[in-house]
Structures are given as structure tokens and as C-alpha cells.
Amino acid sequence: MLNHDAIDKQIRSAFSSANLAGLVVGIVQGADMPFLQGYGLADVASQQPVTPQTVFRIASISKIVTAVALMRHWEEGLFQLDDPVNQHLKTFQIRPYSADSPPITIRHLLTHTSGLGELAPLISYLHPRTTFGMGRPMRPMLPLGRFYGRWLRPSAAPGSKWAYANHGFATLGQLVADLSGRPPAYDTFATHVRQTMFEPLGMNMTDFLRQPRHLPLLATGHRLKKGQHKAVWPDMEIMTQADGSLYTTAEDFGRWTAALLTQTALQPTTLDLMWQPHVQLDPRLPAMGLGFFVDQWGDQRIVSHDGAWLGFNSSLWLAPEANWGVFAFTNSGNTAVISLARELLRAIIRAPYPTAPDLPDQPEQWPALVGNYYPAPGLNSNFRIWLSHGGRLQIRAQGDQLHLASRWGVLKKGIRLRPLDSADPLAYHLNTQPILFGRNPTTGEIDRFHWRLNTFYKRQ
Numbered sequence: 000m001l002n003h004d005a006i007d008k009q010i011r012s013a014f015s016s017a018n019l020a021g022l023v024v025g026i027v028q029g030a031d032m033p034f035l036q037g038y039g040l041a042d043v044a045s046q047q048p049v050t051p052q053t054v055f056r057i058a059s060i061s062k063i064v065t066a067v068a069l070m071r072h073w074e075e076g077l078f079q080l081d082d083p084v085n086q087h088l089k090t091f092q093i094r095p096y097s098a099d100s101p102p103i104t105i106r107h108l109l110t111h112t113s114g115l116g117e118l119a120p121l122i123s124y125l126h127p128r129t130t131f132g133m134g135r136p137m138r139p140m141l142p143l144g145r146f147y148g149r150w151l152r153p154s155a156a157p158g159s160k161w162a163y164a165n166h167g168f169a170t171l172g173q174l175v176a177d178l179s180g181r182p183p184a185y186d187t188f189a190t191h192v193r194q195t196m197f198e199p200l201g202m203n204m205t206d207f208l209r210q211p212r213h214l215p216l217l218a219t220g221h222r223l224k225k226g227q228h229k230a231v232w233p234d235m236e237i238m239t240q241a242d243g244s245l246y247t248t249a250e251d252f253g254r255w256t257a258a259l260l261t262q263t264a265l266q267p268t269t270l271d272l273m274w275q276p277h278v279q280l281d282p283r284l285p286a287m288g289l290g291f292f293v294d295q296w297g298d299q300r301i302v303s304h305d306g307a308w309l310g311f312n313s314s315l316w317l318a319p320e321a322n323w324g325v326f327a328f329t330n331s332g333n334t335a336v337i338s339l340a341r342e343l344l345r346a347i348i349r350a351p352y353p354t355a356p357d358l359p360d361q362p363e364q365w366p367a368l369v370g371n372y373y374p375a376p377g378l379n380s381n382f383r384i385w386l387s388h389g390g391r392l393q394i395r396a397q398g399d400q401l402h403l404a405s406r407w408g409v410l411k412k413g414i415r416l417r418p419l420d421s422a423d424p425l426a427y428h429l430n431t432q433p434i435l436f437g438r439n440p441t442t443g444e445i446d447r448f449h450w451r452l453n454t455f456y457k458r459q
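Heads up: the sequence shown at position 53 corresponds to 52 in numbering that gives the first Met the number 0, and the numbers run straight through without jumps.
You may find that some hints are simply not true.
[Unchecked claim] With a straight-line Cα cutoff of 30 Å, these simulated DSS-like cross-link-like pairs (lysine-lysine) come out:
hint : residue 1 : residue 2
1    : K229      : K8
2    : K411      : K225
3    : K8        : K225
4    : K412      : K224
5    : K412      : K225
6    : K224      : K8
7    : K411      : K457
8    : K457      : K412
9    : K224      : K411
If you're looking for bench data, these hints aren't it; they were derived computationally from the structure.
Construct all of the structure, not just a fragment, from the sequences and the given hints.
Listed below in C-alpha cells is the structure:
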């Protein structure tokens with residue numbers, strides 16, 4: 000039984016601390032939604048309140064919907080996960096990384112290991128019908144075949160590294176449309192998903208394209224300027240759709256979450272396949288499933304995805320075996336909803352908080368660890384690492400402590416690394432997040448470390 004008063008108090012505290020414009024939170028247990036509540040304003044200028052019927056843009060949570068839509072075609076036997084994606088694409092093809100590199104498979108795209116990067120080819124952004132890859136809401140979009148043309152190409156060999164790739168999921172949306180058998184058009188994907196997934200679930204306010212029915216209830220994205228919430232401008236549509244353009248309400252998304260928990264969105268064995276680790280550098284680290292991020296809280300498997308767009312943030316956390324899910328959407332450019340949804344779920348299922356042992360430092364190990372570490376080559380596939388950390392991480396001895404630091408961002412001043420495992424001298428943690436060093440298989444020297452889904456290599 001949920002303690003509604005305690006949950007409401009926790010949400011209001013987070014809402015106030017983060018200074019959000021608006022917020023909606025849903026808690027789902029199986030097919031039921033015992034908690035659904037809006038807070039604050041959908042539009043500050045008009046003072047329109049947030050309700051469960053407010054339409055939010057949930058950005059990259061769109062990717063799990065795209066993944067489910069694609070896996071329905073897999074259940075129909077239309078493809079295999081390790082098929083080259085070009086074998087099934089009808090409107091454009093992805094160029095190979097090199098003449099002898101392996102082809103990009105559908106599994107590569109679902110797990111962000113295709114080698115595709117953050118940015119589309121420059122020529123795509125120069126098309127007169129786009130504004131840096133974005134379009135005008137409620138107007139026909141440029142079809143992806145014309146946006147990418149013959150220029151979409153990975154910046155790293157497929158399967159060689161993990162790199163979050165919006166254009167990979169945009170390609171999967173095109174694959175869903177191509178496999179649907181529907182006539183090709185800019186809205187084929189959106190129409191197919193609406194008619195085959197959203198409408199049968201009663202999600203009548205959910206769509207990958209903005210519709211007239213959204214307008215009276217559409218939340219405005221906000222940013223903070225001198226402590227005041229200001230509407231984000233310009234208001235643009237995500238042209239690539241499948242990777243991040245979903246519009247939905249908390250009422251509708253509760254139905255979607257219930258379809259995942261009750262395993263009616265797909266066959267149970269298919270969802271289990273999607274929620275298994277497909278990319279994982281070490282069992283102590285989080286993993287990537289098929290479209291979902293996968294982690295372990297004690298004996299509970301946890302799957303999740305977040306989303307961010309101009310003036311919007313969103314987060315979904317599921318504990319499939321416990322049969323609970325929590326989602327939170329805000330119309331503010333603040334990621335506080337991620338920790339809010341995560342910690343609400345943790346409290347509901349009574350999962351343990353991450354801890355690390357109090358072990359003594361081993362400074363005799365540090366000379367082999369210190370140095371500059373870089374991601375595997377591929378400028379476009381390293382774009383996010385450049386944005387967040389300046390493209391390089393540094394292990395350094397700082398006084399009597401070992402620190403992880405970056406050129407800029409939250410690690411700029413350095414954060415202390417502590418030993419994680421007395422039986423493993425190469426295992427450290429950053430505020431309980433494992434940082435696992437590794438040796439060169441040829442020389443035996445320590446020349447890399449794993450953090451989350453990324454590997455960084457030591458260079459002079």
C-alpha cells in the first residue's frame with residue numbers, strides 16, 4: 000500500500016528544491032495507477048496548471064516506444080536482430096565505416112553500438128526544409144531518405160564501442176515504417192505506431208507528431224532566467240521523430256507503463272529479451288538492453304530511460320519483477336525528475352541504496368593508474384563526451400587522494416576515487432559508481448578504465 004501523503008511530500012520537496020515550472024508524476028503497479036498527480040504550471044505566462052491530461056514532450060523516452068514497435072515486427076518474423084539493417088531499409092542506406100568493417104546490424108542500433116554519432120552529416124543540416132535538423136510543428140517534415148540521403152556513416156566500427164546515437168534510433172523508426180508495408184511518407188512511422196499501438200491502448204493523446212488536439216493542453220517548455228521561468232524559443236519539431244519527438248499525457252503514459260509491466264505491449268519472452276544486458280563491460284556496471292538501460296538493485300532488475308529536450312525533461316523507471324513503475328515529466332530544463340523518479344521507485348520496492356566499503360587507500364598502486372584517458376577514436380561518436388568532459392578524463396594524485404577529473408563539467412575540480420573491492424586492486428568507485436581499471440592484453444600494463452558503458456584508454 001502506497002503512503003500517498005509521504006509520496007506527495009517527497010515530490011513537493013523535489014519540485015520546490017529544483018524550482019520547476021511544472022511536474023507530473025505517475026506510479027504504476029501492474030495494470031493499476033495508484034498515484035497520478037500534477038504540480039505547478041503547464042504554462043507560466045497563462046497560469047495554466049499541470050494536470051494528468053497535460054501534454055508533455057518526453058524526448059528520448061520515445062526510443063523505448065520505437066524499440067517496442069520494432070520488436071513487434073521481430074515477433075512477426077520480418078527480421079533477425081543480427082541482420083544488417085541495410086538489408087531491410089528501403090528509403091536510404093547507411094554507408095560502411097570502411098571497406099572491411101562489419102555491417103551495422105539491427106542489434107547494433109538498438110544497443111547504441113553502431114558507431115553512429117551525435118550529429119547527422121553536415122549536408123543534411125543545410126537542406127532548406129530543415130533548421131539544423133528540426134522542423135516547424137504541424138507542417139510536413141522532410142522524409143529521412145531526403146534528410147540523410149546517401150551520407151549517413153558511422154564514425155567508429157560497428158560493435159567497437161558504445162556511443163549514444165539519436166540517428167541510430169531515427170533509422171530504426173524508418174525501419175519500422177519500411178517493414179510496415181505502408182506507403183512511404185514523412186508520417187508513415189507516426190501513423191503506424193499511432194494506429195497499431197497507441198489507439199488500441201486508449202492512448203488517444205499520444206503521438207510522434209504534434210496534432211491539433213494537443214494544442215489546448217500542450218505544456219510550454221521553460222528555462223530559468225534570473226530566477227524566472229521563461230518560455231523556450233523557438234518551438235520546433237524533432238524531424239527525426241522516432242528518437243525523441245513523442246507527445247503524451249501522464250494518463251496515456253500510465254497505460255503504456257502498465258502495458259510494459261503486464262507484458263501486453265509485447266510477448267513476455269520478447270520483453271525479457273529486451274531487458275537483458277546486451278552490452279555490459281563488467282557485471283558490476285550498468286548495462287544496455289534493447290532500447291532500455293538495465294541495472295541491478297540488490298535482487299531487483301531495473302530498466303529505465305530518460306529524455307531531455309528544450310525546456311523539458313522526463314524519466315521512466317521500472318522494476319519488472321516487482322511489478323512497479325514510476326515516471327516523471329517536467330516542462331523545465333532541469334534533470335531533477337531523474338533522481339525523483341528513481342528514488343520514488345527505490346522506496347516503493349524497498350531496494351537497497353548503493354554502498355561501498357570503507358577501505359584504506361593504496362597509494363602504491365597510483366603510479367600505474369595516473370594519466371590521461373580518452374575514449375576510443377571517433378569524433379562524432381565521442382561528441383557527448385566532449386560536451387560533458389572535454390573529451391578527456393584524468394586520473395591524478397591530488398595530495399593524499401586519488402581523483403578523477405575532466406577539462407570541464409562536474410568533474411573539473413576532481414572527485415575522489417576510493418577502493419571498491421579489497422580482493423580487486425583495480426576496482427575503485429566514484430561516489431559508489433564503479434570505476435574499473437583494466438590491463439592491456441598484450442603488455443599487461445594498466446591502460447584503460449570502464450565507467451558505466453564507456454571505456455577510456457590511457458594516452459601520453
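Subject >> Given pair status - K225, K8, alpha carbons within 30 Å >> reply: 27 Å, holds
Subject >> Satisfaction of hint between K412 and K457, Cα-Cα up to 30 Å >> reply: Cα-Cα ~20 Å, so holds.
**OP:** Would you mind confirming whether the straight-line C-alpha gap from K224 to K8 stays at or under 30 Å?
**Re:** 27 Å, holds
Original post:
Holds or violated: K411 with K457, Cα cutoff 30 Å?
Top reply: 18 Å, holds
**OP:** Mind checking the alpha carbons of K229 and K8 for me, to see if they're no more than 30 Å apart?
**Re:** 26 Å, holds
**OP:** For the pair we were handed, K224 and K411, check the Cα-Cα distance against 30 Å.
**Re:** Answer holds: K224 to K411 is near 24 Å, not above 30 Å.
Original post:
K411 and K225: Cα distance at most 30 Å?
Top reply: 25 Å, holds
Subject >> Given pair status - K224, K412, alpha carbons within 30 Å >> reply: 26 Å, holds
Original post:
Going straight from one Cα to the other, do K412 and K225 come out at no more than 30 Å?
Top reply: Distance of about 26 Å is within 30 Å: holds.
The structure shown violates none of the earlier numbered hints.
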